[in-house]
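Enquirer: Here's the letter readout for the chains.
Protein chains: 2
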Amino acid sequence: MSREELTKIILPEEKIPKFWYNVQADMPNLPAPGLNPKTKKPLTPNDLTPIFPMSLIEQEVSTERFIEIPEKVREIYKQWRPSPLFRAHRLEKALDTPCRIYYKYEGVSPVGSHKLNSAVPQAYFNKEAGIKRLTTETGAGQWGTALSLACKMFDLACTVYMVRISFKQKPYRRVFMETYGAECLPSPSDRTEIGRKVLLEHPDTPGTLGIAISEAIEDAVQRDDTNYALGSVLNHVSLHQSIIGQEVKLQMEMVDDYPDVVIGCCGGGSNLAGIAFPFLPDKLQGKNVRLVAVEPAACPSLTKGTFAYDYCDVAGLTPLLKMYTLGSHFTPAGIHAGGLRYHGVSTLVSQLYHDGLLEAKAVKQKGVFEAAILFAQTEGIIPAPESSHAIRTAIDEAFRRQRRRKKQKYCLQS
Amino acid sequence: MSREELTKIILPEEKIPKFWYNVQADMPNLPAPGLNPKTKKPLTPNDLTPIFPMSLIEQEVSTERFIEIPEKVREIYKQWRPSPLFRAHRLEKALDTPCRIYYKYEGVSPVGSHKLNSAVPQAYFNKEAGIKRLTTETGAGQWGTALSLACKMFDLACTVYMVRISFKQKPYRRVFMETYGAECLPSPSDRTEIGRKVLLEHPDTPGTLGIAISEAIEDAVQRDDTNYALGSVLNHVSLHQSIIGQEVKLQMEMVDDYPDVVIGCCGGGSNLAGIAFPFLPDKLQGKNVRLVAVEPAACPSLTKGTFAYDYCDVAGLTPLLKMYTLGSHFTPAGIHAGGLRYHGVSTLVSQLYHDGLLEAKAVKQKGVFEAAILFAQTEGIIPAPESSHAIRTAIDEAFRRQRRRKKQKYCLQS
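Chains W and F supply the protein sequences, listed in that same order.
Mapping to the numbering used here: the first sequence position 234 is 234, numbers consecutive.
Mapping to the numbering used here: the second sequence position 48 is 48, numbers consecutive.
Rather than coming from a laboratory, the hints here were simulated on the basis of the structure.
Hints may be right or wrong, so weigh each one.
One copy or any two copies: either way a pair holds, since identical chains are not told apart in the list.
Unchecked claim - Straight-line C-alpha distance at most 25 Å; calculated SDA-like pairs for lysine to any residue:
{"no.": "1", "residue 1": "Lys-364", "residue 2": "Leu-326"}
{"no.": "2", "residue 1": "Lys-127", "residue 2": "Leu-95"}
{"no.": "3", "residue 1": "Lys-409", "residue 2": "Asp-396"}
{"no.": "4", "residue 1": "Lys-15", "residue 2": "Tyr-172"}
{"no.": "5", "residue 1": "Lys-93", "residue 2": "Thr-179"}
{"no.": "6", "residue 1": "Lys-78", "residue 2": "Leu-374"}
{"no.": "7", "residue 1": "Lys-197", "residue 2": "Arg-403"}
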């Protein structure tokens, strides 16, 4: 069937990638090494063993191009993978654009987001290492939900520190996590020293991912049977999410097409990395493909931040990473895209942006929601506030190209 | 791949059925005719033209075995069809059962339920007939959401009367419908005469589907450009939902399996009809397959109702249908399975139950929720309260068979 007729492009199950793609194998400049928060010297694996299993630490620094996905993880992936790539025919018609717009739909996962792609291997590798319990942070709740389910699958206990503003905005999310057997606390909480300190100084704080990360790490380091899991920012998370973009490339091949622009929303960077990184080798080989990160104007880490060493959390418990950052004490407004309220960005995304291989745009909430409603009314799927940032930008690009009367293809991530 | 290895059974897109299956072609006894609510004489097509287009009225009484799905409807179906059939390996393991349990997952539709299968053709046929606006009722909100989206697809206005208890329990559902451009009112409302009357007599009523139907019909008959749409009970709705069971049969063939028991939750009957009716011809030809309807103990239409002529609504605006009913003034407790809070059952389901071709069970809310949590923690998908009735029964059947040490296969609908 031709690409003009197809709405849903489904990869045959046997073509689900068996390897994750590691962008570090292809980057012209690797990110600067993380620094030990106390000594300020380059990290050693031993600095990370109190909170991560060695297998994930190895993935963090690996420069192998392809890393095999364990059999057990692949078995679980099959419940929702391969995820569909949709051609947005009805949106295109509403925009009256000659551009071809595609979107990769990770909403078919049982938790409704892409986060399970990394939660499952993280739970798996921790289980293999003999760990009994994981702690984590969550913004909008997507990551916390995914890790709750992944922990249940591997019989691990799970505690989630959820940014307070999202905890209040989305009461059902707590129930979601509890249904999977996890514990979910609003952050800052009185469970940790850092939580109590923040509450004392700023009793009305909406919370931040930086605070929630501090709480989850403080909790994890105190127990030998407990590790910490991060849902974005780190290299191994981008690695796991690479399955998305690898599938997209195969799906676009099936309809004999290739994107001019690949767009993803960007908080910590895992969603963007997932769809965009597998296109980098083509770009480096001269293919004319743009990779675009979209962030909220209320939290413009890439477009307004500085490229410097900073902590991932508010208490300075994490390594210092060289990244675009608004400062680890930055508290963004309580916008609805809770998953994008993060002061920093993955070092991989940051380095690629710094090297001019990736673009960034900041968009405002009102325009994002208008785009979301148009998308819902045409494509039928109500997109998350986070994904809607990518949709807004795809629409803007289509309008811009139309003025230039040029056909373009967009691929965005929801 | 063998059925022991497969988790997700995906039908090739070209095998999506092109025809709906009409169970009326095969029933040993057709349901008694509907009666005009005023004259009490058998309905004529003209009795229904004030609220339905002729094409749907024809489907209502047709005894053709297969009715072609219009091209435009099939195009839209392809966004979420074929839906996956899952083998519940992890649930089976938790139950330590030798039984094979499969579930058909309609949650991949953009509105998250099977209701869109009928909403799309209903909107399509009304649009073809020149109608500009549809009114409807909704319990838990699934049908109202589906019709809101379907109306948006065909550029029809849409007003949804939502049972008050569900309107209160699920505030996000209203926003869901409004996002698709529909209007959603709590029922009883002050928009209609019947709504005002009920509010005056019972200001604290939780509402019922029977009241909401009366309001939607009263609204529809007053405007020439407006028709009414019903999300269950009627024959044409069961017809449209037959695509589910037809797909299931093809999917089970793909793994060389066949169910001993087919289970669906039952309110008005559309969910059950969708999965179960396509198995009836096999049963009539001697195949040993049980069809099981599961209803809430709080609203036991089949198991405790009487088989008699009754109204579909509280005000007596609808035709009288011969069905199992608790009486059109029955107000069930405000259980969470809002989609199953209906006093009657489809005449087709009722007749098949009466003729011993279909079984019925009533289950209590607490056991249903326990089953839902076990399902969520094993299969990862958090099921709707309605679908959880089928899950409870599948688990009970597996336990029962285990005591008899017999392998069985179950197919249930979520």
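Enquirer: Indicate, hint by hint, whether the structure satisfies it.
Expert: Status of each hint after checking the structure:
{"no.": "1", "hint": "Lys-364 <-> Leu-326", "result": "within (17 Å within a copy, 53 Å between copies)"}
{"no.": "2", "hint": "Lys-127 <-> Leu-95", "result": "between (48 Å within a copy, 23 Å between copies)"}
{"no.": "3", "hint": "Lys-409 <-> Asp-396", "result": "within (13 Å within a copy, 51 Å between copies)"}
{"no.": "4", "hint": "Lys-15 <-> Tyr-172", "result": "neither (36 Å within a copy, 38 Å between copies)"}
{"no.": "5", "hint": "Lys-93 <-> Thr-179", "result": "between (41 Å within a copy, 19 Å between copies)"}
{"no.": "6", "hint": "Lys-78 <-> Leu-374", "result": "between (31 Å within a copy, 20 Å between copies)"}
{"no.": "7", "hint": "Lys-197 <-> Arg-403", "result": "neither (54 Å within a copy, 57 Å between copies)"}
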